[in-house]
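Enquirer: Sequence:
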Amino acid sequence: MIAVALALVAALAYGLSDFAGGASSRRASALGVVAVTYPISLLLALAVAPLVGGEPTVSSLGWGAVAGVAGGIAIWWFYLALASGPMSVVSPLTAVLVAGIPVVVGISLGERPGALSYVGIFVAVVAVALVSWESDETVVGTEHPRFTAKVAWLTVGSGVTFALSFIALGRIEEGTGLWGLAVSRVTATLVVWCVIGAVWRGVVWPTKSMMPVLIGIGALDVLANGALIFAYQQGMLSLVSVLAALYPAATVLLAMIVLGERVGRLRLFGMIAAGVAVALISVAA
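Under this note's numbering, the first residue of the sequence shown carries the number 1, and numbering increases by one thereafter.
Heads up, none of these hints are tricks.
Dumping the calculated SDA-like pairs for lysine to any residue here, alpha-carbon to alpha-carbon at most 20 Å:
| no. | residue 1 | residue 2 |
| --- | --- | --- |
| 1 | Lys-150 | Val-160 |
| 2 | Lys-208 | Pro-39 |
| 3 | Lys-208 | Leu-43 |
| 4 | Lys-208 | Ala-23 |
| 5 | Lys-150 | Val-199 |
| 6 | Lys-208 | Arg-26 |
| 7 | Lys-208 | Ala-28 |
Derived DEER-like restraints, expressed as beta-carbon distance ranges:
| no. | residue 1 | residue 2 | range |
| --- | --- | --- | --- |
| 8 | Ile-257 | Met-211 | 16 to 26 Å |
| 9 | Met-211 | Ala-115 | 45 to 55 Å |
| 10 | Met-211 | Ser-108 | 36 to 46 Å |
| 11 | Ile-257 | Val-58 | 42 to 52 Å |
| 12 | Gly-260 | Gly-110 | 44 to 54 Å |
| 13 | Ala-115 | Glu-55 | 37 to 47 Å |
For the record, the hints were derived by calculation from the structure and aren't laboratory data. What you are looking at is a predicted structure, and each value in this text was computed from that prediction instead of being measured. Cβ atoms here follow ideal geometry from the backbone N, Cα and C, with glycine treated the same way.
Modelling step: build the complete structure from the supplied sequences, incorporating the hints.
Expert: Structure below.
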């Protein structure tokens with residue numbers, strides 16, 4: 001149950017962060033947003049890591065570095081997709097890949113969740129697919145973003161690299177605290193700033209008025225990834241990943257309330273199915 005609770009905390013924090021990041025990327029470029037939020041999350045991780053304790057190992061730091069590289073690429077592509085496409089479609093479609101790939105990897109590594117958990121996994125994947133089924137988005141006061149081929153490629157790319165980041169975080173061993181997370185923020189920041197160096201003139205930097213939101217995104221990033229690391233250490237890669245991948249529920253709810261997006265019956269059923277999946281996996285755990 002501890003792993004389930006931590007995975008759900010990670011899912012909620014990811015959902016809130018994705019909504020704020022996508023909204024910010026419509027006022028500044030995606031690179032400009034992550035160029036600021038990643039160093040913030042790095043400083044916060046370095047501040048929290050000594051309080052959490054743990055002894056870093058070469059393996060934990062190495063997996064943290066891999067997670068950061070994959071995550072840096074993933075978040076960049078993901079913010080680009082959110083900024084130019086329908087938020088309530090991009091986020092859930094990415095989640096299908098984020099959920100599915102670690103499940104396959106976990107099972108291939110010998111995990112056997114049990115019959116009820118398999119049902120929960122299936123329902124969870126179906127849930128995020130249903131939430132993404134209807135692509136019409138209504139954004140009050142702006143144009144209707146379309147799910148173009150470019151947005152589709154960005155979405156798939158971000159889903160695969162996010163999944164790789166999840167898998168790497170799942171390899172960080174217990175007792176090493178949040179030092180692996182701190183290293184992941186270092187490598188993620190380096191990836192982002194290398195990209196910025198190549199496209200400097202195309203970067204639209206956030207304004208000072210956006211700083212409170214950016215600080216919040218950085219804090220949510222640390223909370224989400226920290227909770228996910230500890231969840232993996234207490235549970236299976238396949239189960240924890242599929243629960244964390246339910247983060248679109250928070251993103252879609254915020255898109256409904258703040259941006260005025262319409263949610264049809266299939267999406268509503270998908271969000272109900274997400275709740276059923278959590279219940280099934282919780283009972284099985």
